[in-house]
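Undergrad: Next come the chains, spelled out residue by residue.
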Amino acid sequence: MKEILELLGKNAKLTAADIAKTLKKSVDSVKKTIENLEKKGVILGYKAIIDENKLKDAKPVRAIIEVQVTPKRNLGFDYIAERIYRFPEVKTCYLVSGTYELQLVVEGKDIHQVAQFVAEKLAPLEGVKGTVTHFFLKKYKEDGVIFGSKIKNHRMNISL
Amino acid sequence: MKIEVSKKSALIPPSGIREFFDLVLGMEDIISLGIGEPDFVTPWNICEAGIYALEQGYTSYTSNQGLLSLRNTISSYLKKKYNLNYDSKKEILITVGTSEAYDLAIRALINPGDEVLIPEPAYVSYYSVTQLAGGKPRYLPVGKSGFKITPDILKKAITDKTKVLVLNYPSNPTGVTYTKNELKNIAKIVKSNNLTVISDEIYGDLTYDFPHTPFPALSGMQERTVYINGFSKAFAMTGWRIGYACGPENVIDAMNRIHQYTMLCAPIMSQMAAQEALIKGENVCLDMKKEYKKRREYLVKRLTDMGLSFPYPDGAFYVFASVKNTGLTGKEFSFRLLKEKKVAVVPGAAFGTELHNKYYIRICYTTEFVKLKKALDKIEQFLKEL
Numbered sequence: 001m002k003e004i005l006e007l008l009g010k011n012a013k014l015t016a017a018d019i020a021k022t023l024k025k026s027v028d029s030v031k032k033t034i035e036n037l038e039k040k041g042v043i044l045g046y047k048a049i050i051d052e053n054k055l056k057d058a059k060p061v062r063a064i065i066e067v068q069v070t071p072k073r074n075l076g077f078d079y080i081a082e083r084i085y086r087f088p089e090v091k092t093c094y095l096v097s098g099t100y101e102l103q104l105v106v107e108g109k110d111i112h113q114v115a116q117f118v119a120e121k122l123a124p125l126e127g128v129k130g131t132v133t134h135f136f137l138k139k140y141k142e143d144g145v146i147f148g149s150k151i152k153n154h155r156m157n158i159s160l
Numbered sequence: 161m162k163i164e165v166s167k168k169s170a171l172i173p174p175s176g177i178r179e180f181f182d183l184v185l186g187m188e189d190i191i192s193l194g195i196g197e198p199d200f201v202t203p204w205n206i207c208e209a210g211i212y213a214l215e216q217g218y219t220s221y222t223s224n225q226g227l228l229s230l231r232n233t234i235s236s237y238l239k240k241k242y243n244l245n246y247d248s249k250k251e252i253l254i255t256v257g258t259s260e261a262y263d264l265a266i267r268a269l270i271n272p273g274d275e276v277l278i279p280e281p282a283y284v285s286y287y288s289v290t291q292l293a294g295g296k297p298r299y300l301p302v303g304k305s306g307f308k309i310t311p312d313i314l315k316k317a318i319t320d321k322t323k324v325l326v327l328n329y330p331s332n333p334t335g336v337t338y339t340k341n342e343l344k345n346i347a348k349i350v351k352s353n354n355l356t357v358i359s360d361e362i363y364g365d366l367t368y369d370f371p372h373t374p375f376p377a378l379s380g381m382q383e384r385t386v387y388i389n390g391f392s393k394a395f396a397m398t399g400w401r402i403g404y405a406c407g408p409e410n411v412i413d414a415m416n417r418i419h420q421y422t423m424l425c426a427p428i429m430s431q432m433a434a435q436e437a438l439i440k441g442e443n444v445c446l447d448m449k450k451e452y453k454k455r456r457e458y459l460v461k462r463l464t465d466m467g468l469s470f471p472y473p474d475g476a477f478y479v480f481a482s483v484k485n486t487g488l489t490g491k492e493f494s495f496r497l498l499k500e501k502k503v504a505v506v507p508g509a510a511f512g513t514e515l516h517n518k519y520y521i522r523i524c525y526t527t528e529f530v531k532l533k534k535a536l537d538k539i540e541q542f543l544k545e546l
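Listed in order, the protein sequences are those of chains A and B.
Going by our numbering, 22 is the number at position 22 of the first sequence; the sequence numbering is gapless.
If you want our numbering, it's the 1-based position in the second sequence plus 160.
Possibly wrong hints are sitting among the right ones.
[As the list claims (entries may be wrong)] Footprint (simulated), chain B over chain A, 3 or more residues, beta carbon under 8 Å:
(1) 14 to 24
(2) 145 to 155
[To be verified] Looking from chain A toward chain B, a few residues come up when the C-beta cut is under 10 Å (computed):
(3) Glu3
(4) Glu6
(5) Leu7
(6) Lys10
(7) Ile158
(8) Ser159
(9) Leu160
What the hints contain is simulated information worked out from the structure, not anything from laboratory work.
All values derive from a computational prediction rather than experimental measurement.
Just so you know, even glycine gets a beta-carbon here, dropped at the ideal spot from N, CA and C.
Construct the complete structure from the given sequences, taking the supplied hints into account.
TA: Rendered as C-alpha cells:
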C-alpha cells in the first residue's frame, strides 16, 4: 500500500497495470488497493500540476495571509479555522506555531478581490485579531516541483 | 603530407558500431535506451559543494595522490560500508574517473606479453587499454554460464603468462553480479594461480537484491586486488570525472608515479564535490537506487512478456537481451528499431567479439518511467510487426 501511494504520489497517471509490473503484483490486487484507498479517503483526488506562467490568459492572484486568532474554549482553533477555510477563496489553511496561528493561501481574480475578501470577510470575523497579507510575486517551486525552465541532464543520445 | 600515427594507436580498431553511434547522435526526437549514464543530474548538495569550492578559490592543483581529506573520507566510507581497511596515505589514489584508474592499474601491473583475462561481454575499455599497455587481453566468453565467470572457465583459461583477471560487477552491459559464495570460489583460483585482480566495482552501490561484496573483502584478496571505483554512477556524477583506486602500497605507488606525469591530479573542485557525496550523499543515492529498482522490475516484466530472454539483471542499469528468436542480429535489430520506431538500444557486439555477442542488445533503464514505458510499447509493436 505504501509503495502504491509513493508511486501515485509522484505520478498519478500511472495505470494499475504499470504499478503491478513495477511492484511485482497482480493488476487486480493493485486495483483493489487503490479503490480501497480512495474509499477510505486516503487518496482524496488526482490533479495536474499547472505552470500558469506558461498561459496567456489572466492569471489568478494569490496571497499568503498570516492570521492571528483567539482559540475558543473547548474547541481550540478548529472552530475559527473552519469558519475561515470554508470560504472557497481560501485554498490552503494551516495551523502553525510561531507569532501567528493560521496561515492561509487565498486566491482571487485580482488584487482587489483578495483585499476585499480580507477586509470584508476575514478580518471582521469574531476571534480574528489581525492579518498580514503577502501577495505572491513569483512561484519557483511547489510540492517538490520546480517551475519555469525544466532542469535536465544534457546527455548525449548514446554512450557505452 | 599526411602525418603518420603510431602503430600503437592503430591497435584500437575503429568501432564496428561507429556508424550506428553516429546515426543515433545525429537524430533528434528519439527515445534512447542506449545511454550508459544516469538520467539524474548530480544531486544539488554535491553540485553546491563544487560551486562553493570554486567560490572559495579552490582552483589549484592538489597533490598527485589527491586531497588527503578525500582519501580519509574514502577510507572511512569503505571501512564503514564493507569493513575494508585501506591506509589513506599509502593505499588510495584519487583518479580522473574509474577509467583512468583502470588504465593506471594495467600500466602499473603489466609487462609486455602478460595476459589479462576479461570475462566477455565487457565494458569496452578493458581490452584496448590492455593492448595499449603492451599486455595481451583475452576475452573469456561467459554467455553460456549465466554471464558469470566460473572457477572452471577461469581455471581452463589460465596459462603461465596470465597475470591479471578483470572483474566488473554488477556488470556493464549485463547488470549481472556475483554472490559472495561465487566470489569465494573465484578467489580460490585467483590465489592458487597467483593472479592479480582488477575489480571495477563502479556499479557496486547499485545492487538491488542482496548486499554487494567487494572483491578485496574476501579473505586473502586485499593483497591481490586493485579495487577501482568512482562517483559517476551511484552519485550521478559522470561529467565530474572523479574516481579512485585502492590497493597494495607498491601498486598504488606505481600507479601514482604514472598518474603524476599523465594526469597530475584530479580536478580539485570535483574532489571536493566527491567528498560531499560520500559524507552527505547517502540519502539521495538511495533515492536514485530505489527509482532504478522500480524501473528494473517494470522492464524485466515487460521484456519477459515480450518473449525476450536475458540474464537476470541484479544491478547497474542494464539488461542484455537476446534477440536471436527474432531472426535478426543485435545490429540489425538496433538499426531497424531506430529507423522504424525511433528507439535506440546498443548492439551487443559493442561489448566484445562479434561472434559471442551477435544476437544481443543492451537496454539501459536510465530513462524516466514515462519515456521508458513509451519506448517499451514501441519495442513491443516492433516485435509484433517483424
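Undergrad: Please check whether Glu3/A passes as an interface residue: C-beta within 10 Å of a C-beta belonging to chain B.
TA: holds (9 Å)
Undergrad: Let me know if the C-beta of Ser159/A comes in closer than 10 Å to any C-beta of chain B, holds or violated.
TA: Holds. Min distance 5 Å.
Undergrad: If you take the shortest Cβ to Cβ gap from Leu160/A to chain B, is it below 10 Å?
TA: holds (5 Å)
Undergrad: Return the status of the interface hint for Leu7/A: holds when the least beta-carbon distance to chain B is below 10 Å, violated otherwise.
TA: Holds, because the Cβ-Cβ distance from Leu7/A to chain B comes to roughly 7 Å (cut-off 10 Å).
Undergrad: Verify the interface restraint on Lys10/A: the C-beta must sit less than 10 Å from at least one C-beta of chain B.
TA: holds (9 Å)
Undergrad: Would you check chain B against the region 145 to 155 of chain A, counting CB to CB pairs closer than 8 Å, and say if three or more residues qualify?
TA: holds (count 4)
Undergrad: Classify the hint on Ile158/A as holds or violated, based on whether any CB of chain B lies nearer than 10 Å to its CB.
TA: With a closest approach of 4 Å, the Ile158/A hint holds.
Undergrad: Should the hint that Glu6/A touches chain B count as held when the rule is a Cβ pair under 10 Å?
TA: holds (9 Å)
Undergrad: Taking 8 Å as the Cβ threshold, is the statement that the region 14 to 24 of chain A is covered by chain B upheld or broken by the three-residue rule?
TA: holds (count 6)
The structure meets every hint from the earlier list without exception.
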